[in-house]
Amino acid sequence: MDLGVAQNWFFLVIGLVMVAASLVVVTSRNVMHAALMLVATLGGSAALFVLLGAEFVAGVVVLVYIGAVIVLFLFGVMITRVEIGRGSSLDHANPWPAAAIAIATFAVLAGSAVAFFGDAEVDGVAAVRTSDIGTSIFDRFVVPFEVVSFVLLAALIGSIVLARKDPES
Amino acid sequence: MTLAQFLVLSAALFSIGIYGVLIRRNAVLVLLSVELMLAAVNINFVAFGRYFADSTAGGQVFALFVVTVAAAEVGIGLAIVLLIFRNRASANIDELDVLKW
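Keeping their order, the protein sequence lines are chains G and Z.
So for the first sequence, our numbering puts the first residue at 6; every next one is plus one.
So for the second sequence, our numbering puts the first residue at 139; every next one is plus one.
Check before you lean on any hint, since a few could be wrong.
Stretches of chain Z that chain G covers, calculated by requiring three or more beta carbons in the stretch to come under 8 Å of a beta carbon on chain G [said to hold, decoys possible]:
1) 139-147
2) 150-163
3) 170-178
4) 186-195
5) 207-216
6) 219-226
Hints are computed from structural coordinates only; laboratory data are not their basis.
Remember, predicted model here, so these are calculated numbers, not experimental data.
The beta-carbon is built from N, C-alpha and C at its ideal position, and this holds for glycine as well.
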């Protein structure tokens, strides 16, 4: 990574913030802190999308994730009375097998990424315009788009059916 | 910017997400860790889309699909957690042993 380029400094700062925030997400004793640190991680990913020239995806991530999903999580935390800030009952007792699996996964993924794409650059390619994404969704990817909209509808109806109380009981 | 630096950051986030899924007992926190893994996948999609520069913008389109599916997954997941909490008065996944024998 060439630190003479301003973009790489941005990447370094954003990446360090994301990794630190995601470590808080998985280790925090306070559920509210975990949910709010997920906001920092997702905001960092939106910043990376801007860095990669994908402004529309960045906007969607901010709107859908930070705007809607996090609010849903905060409601879930409050409704299910998660023990906020108390004891070690949020985690399993022995963290080392999970840590070993996570470190091994990171070693395999990062090692193969560096081995195959050693110094391939992503600069110099024209950024995709938002109108191109719209054209592409409704032309080349119209069938997956319809499928994913049906999935969303089914999830909407399913979660209403699951969460409402039975009238006869 | 090289492609590998995005892939390494995404691998780190994905591994942290795996650690969270395995270590957390509370179902809401497991769902939070799954969101972390999906965010890592999105970074990969957009970075590869920029790298291969295909004319259909496939990387960004599929990142949008992943966001949609993640929203659906959170809705269903939290509804199930809510239902379990209502029936068992607990949202800890290691206490859900009704189907075990």
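Hints, one by one, checked against the model:
1. 139-147: holds (count 9)
2. 150-163: n = 13 at 8 Å, threshold three: holds.
3. 170-178: holds (count 5)
4. 186-195: holds (count 6)
5. 207-216: Coverage by chain G holds here, the residue count being 9 at a Cβ distance below 8 Å.
6. 219-226: With 4 residues in contact (Cβ-Cβ under 8 Å with chain G), the coverage given for the stretch 219-226 of chain Z holds.
Checked against the numbered hints given earlier, this structure breaks none of them.
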